[in-house]
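Protein chains in written order, with our numbering: chain A, 1 to 573; chain B, 1001 to 1573.
Don't read these hints as lab results, they were simulated from the structure.
We put the CB at the ideal spot given by N, CA and C, even for glycine.
It is possible that part of the hints are untrue.
As the list claims (entries may be wrong) - Listed below are several chain A residues computed to face chain B (Cβ distance under 7 Å; list not exhaustive): (1) Pro9; (2) Lys47; (3) Val69; (4) Pro72; (5) Arg99; (6) Leu117.
As the list claims (entries may be wrong) - Which bits of chain A does chain B cover? Going by a derived footprint, with three or more residues having C-beta under 8 Å, they are: (7) 36 to 43; (8) 140 to 153.
For reference, the chains in residue letters:
2 protein chains.
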Amino acid sequence: MKWTSALIPTLKEDPQDAEVISHKLMVRAGLIRKLFSGAYSYLPLGKKVLDKIETIIREEMDAKGSQEVLLPAMHPPELWKTTGRYEVLGGVLIKFKDRHGKELVLGPTHEEVITDLVAGNVRSYKELPLILYQIQTKFRDEPRPRFGVMRSCEFIMKDAYSFDADEAGLDASYKKMFDAYCRIFERCGLPYLAVEADTGIMGGKTSHEFMVPCEAGEDEIVVCPKCKFASSKEIAKCGEVGNQVTRSPSHQVEQLPLKEVATPGVTTVEKVAELLKVKPSDLIKTLLYKADDAVVAVLVRGDYDISETKVKNHLKAAIFELADEKAIHKATGAPVGFSGPVGLKGVRILADNSVKGISNGVTGANKKDAHLVNVNPGRDFDAKEYGDFRVITADDPCPSCGGAVELRHSLEIGHTFKLGTKYSSVLGAKFLDKDGKERPAIMGCYGIGVNRIAAGLIETSSDKDGIIWPASIAPYEVVVIALNVDNEQVKKTSEEIYTQLAAARYDVIYDDRKESAGKKFKDSDLIGFPVQVIVGERNLKNGAVEVKLRKTGERKEVPVKDVTAYFASILKK
Amino acid sequence: MKWTSALIPTLKEDPQDAEVISHKLMVRAGLIRKLFSGAYSYLPLGKKVLDKIETIIREEMDAKGSQEVLLPAMHPPELWKTTGRYEVLGGVLIKFKDRHGKELVLGPTHEEVITDLVAGNVRSYKELPLILYQIQTKFRDEPRPRFGVMRSCEFIMKDAYSFDADEAGLDASYKKMFDAYCRIFERCGLPYLAVEADTGIMGGKTSHEFMVPCEAGEDEIVVCPKCKFASSKEIAKCGEVGNQVTRSPSHQVEQLPLKEVATPGVTTVEKVAELLKVKPSDLIKTLLYKADDAVVAVLVRGDYDISETKVKNHLKAAIFELADEKAIHKATGAPVGFSGPVGLKGVRILADNSVKGISNGVTGANKKDAHLVNVNPGRDFDAKEYGDFRVITADDPCPSCGGAVELRHSLEIGHTFKLGTKYSSVLGAKFLDKDGKERPAIMGCYGIGVNRIAAGLIETSSDKDGIIWPASIAPYEVVVIALNVDNEQVKKTSEEIYTQLAAARYDVIYDDRKESAGKKFKDSDLIGFPVQVIVGERNLKNGAVEVKLRKTGERKEVPVKDVTAYFASILKK
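With the hints as extra help, turn the sequences into a complete structure.
This is the structure:
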């Protein structure tokens, strides 16, 4: 491609609405443009990056024997109601009615549709195992789309689904997909981690998230540099012993008499602690949740956060969210901010293990503008259900080896789940086993965020000048920069090298613009082509051109006649 | 791919809801499955066909220097309101509100979005010409989805848009796309015709439809076998002289006195003619339309049909549809079925040229249960606007050479339009010309129905046994059929040939199922792989296999060692 024929609108300034580096650079390098918040147009260079990512995905998926399909984006809601996810997904699911008044939804994922498809077309164990995948646009009504293509309402997902006759089959399919994912992310040049994760709205029991650690990532993971343990922060186990015994300041002291104190308008842990001159860890934080149709209270030491994932999984709740003001008032008789376990009736109470070690603690009094002090678990309230309900912190020991852990922001680029029979049993994806007995297929599902691979690469591979692409997913592998197209020899040599490299099947763009050398260097560095061939009068006097590697900045003078051969040594085909 | 690992659910019976051959065979051959009326899942074989079609499209589009992009499926309605098509498309446009109450629409096409994109990123004539395309899922709320993937609510379209600095540029871009389309359809093996067409909701002035003549096609085109004239039936010119002069039975007779006759409950042309013992061609059919905000009456000879396209274009109306009962009553004072031009006040009247030749004709009396006889144009009513407002018939002369024409059902697979500045001027896609003057870009748009290429091929290439694919878009080029996998030599030879053909880069499937020879032949014929390599004990005794061509049924015994070489002679790579 010649630059003068291409649509590559680079920008000098960051877009005003961009907060993260990938968003800024994708816009500035002319890869994407915003249509509206949460929806982006891919310009030619951006589309080429997506294509290269998709090609790598297809190659690795096909290598594992999985087969590509294409399912509709519009779904009948009945399938989603059958699995209960019509309610669970709630506002994220985009719904509309057609001209005949029939409701349709736009697929944010395809477990329902693929299971229904397999239900109608697979009958015998002989037709299993089966792994089907697609690369397709998904739709989500995001509450707060942000960070460019990282969190958008419309995105490209590679979603795969495995169907097996037994658990051993699922394990084998899961391993195939896990291995394919590792290969895909490696080939895309991503520094990724596979971490243990929650199964969330998918259901099932085993799950891994593929994470790219980066500041802009919205998820936090916990990693142990010593034993390489890595996990989603929400599900990493927190030990029962340790911190609360050694650190709770009021442990093993005399239990003082319970007392109500006035705390007018003071509701947060920090402000209550300040007012009452105690530490946040002396508080028993009490939050009320709606779990399906019930209200539950969850207690945790004031300096910790409740892991909603752990609580939700413990309760096996489909819908789990913070109770609203009305429900809190109904349950406690008080406004938000004054809830506590003492005297709380008719509400199931779950207490994190960290609460056990608190003596003479502080809680809400279930009364407006009042808290209780000298609260002692066991004496003042009876929490029958203790468990691990909190989010791990950087001060906790590694759940695997006991060493020190680190928390890291990261971007989820892939997710794998062992689903079991959650979908197949209710949607009738059953098969006859060797003994002629009907059984539901054992399923797995496997997703990759295609756009997020591009964003994740940029988040982890850029410098002050722009993006640094690996050759595998760069918009072009090579740019031939003619420093001065008005010079006949420069022009002729540039065109020759461009033609030769293209003939040798390198993906090459020729910067034939009548622009200054400075502008050309800036644009190529910004877009981040891995290799630049710089053709200028000075080097041509020696019969040579300059080859620059974007990543290292390394430059080398290469004789014109050797350029194509030289490329074989720096770019694998 | 080995058949036993593949998902190929062939069916013996036609699906009950299928009316046309492509729908029946796509389901039976295991290419597609219905999710709901108007939405189909593509199974692995169907997806492979789509991929091959898309690859051909990309190659030909790229060869013309056009660049691929990817635009969002969800659009802000404001863009559609700016061009006026929010109203024009009406119910076809799928609309919904997001969680914040903001309306979004699903794109049935992308003129608005691409023009807005170019408006923001092109500034100078130096950046033109530009042709951008995408291959993407489109959404339409079809009033009556039918014929499998031929008319569905969700389909894959290749849509391209050209931007030029002047008319000559548009002509050049249009020609590039026209030529690319011819190449694409040829390579896909389609017997297509490029016909002159209406510009319809796109606007603009020149337009061609690419049509595949077939019984199941919903469009009708008119073709002249003599001079090769081909046109959409709706817009083909009907001569003023000729049929009405020579064939109108009551021409040049004495004008009789106007008379009202009772026609209780008789409203159709046929029934009125029967009751009054005249010919349909003696009637002046009068239909009332809503053209934007006005009501107009259109007259045509009773045996002809009004071309709504011609009338709409004549009126330059954005919205043009039959008036409803209420509007008819308001305009004529009578119910539907009794409209006529005599005494019709306050309504613009357009009369087709065929009405000129009618003497002593019959029309509605604008009065319930009454018609007028002996109606003479000029004497009894004054139609100031005569013109060509009817649909051509098989009895009309060729508009080009005057010879005999034929009407043919056909399926639209592509459409090209010269748009001019309709979109660029209102959406601000302007550039500075050589003199520094700001001007709107001159646009063209070009669409291909990807799924329809598959359907159109099957409509025109099948026999009683199934589909007959050309190698270019077949799900696999070759099937290796092992007649009896329990025979070691058959199995070994089949695997060897399969491996060799795959290594030689033929797209090959190996039927390794433990099924009867009959079942295997039936399935391969049904799916329609172009070449079958049949490996059986009998031929193996001579060291040979049988190669069968699906299209001709031709069979040839080929020595095992020569199979790959033989393929080079029958399949082009």
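For each hint, the structure was consulted:
no. : hint       : in the structure
1   : Pro9       : holds, 4 Å
2   : Lys47      : holds, 5 Å
3   : Val69      : holds, 5 Å
4   : Pro72      : holds, 4 Å
5   : Arg99      : holds, 5 Å
6   : Leu117     : holds, 5 Å
7   : 36 to 43   : holds (count 6)
8   : 140 to 153 : holds (count 3)
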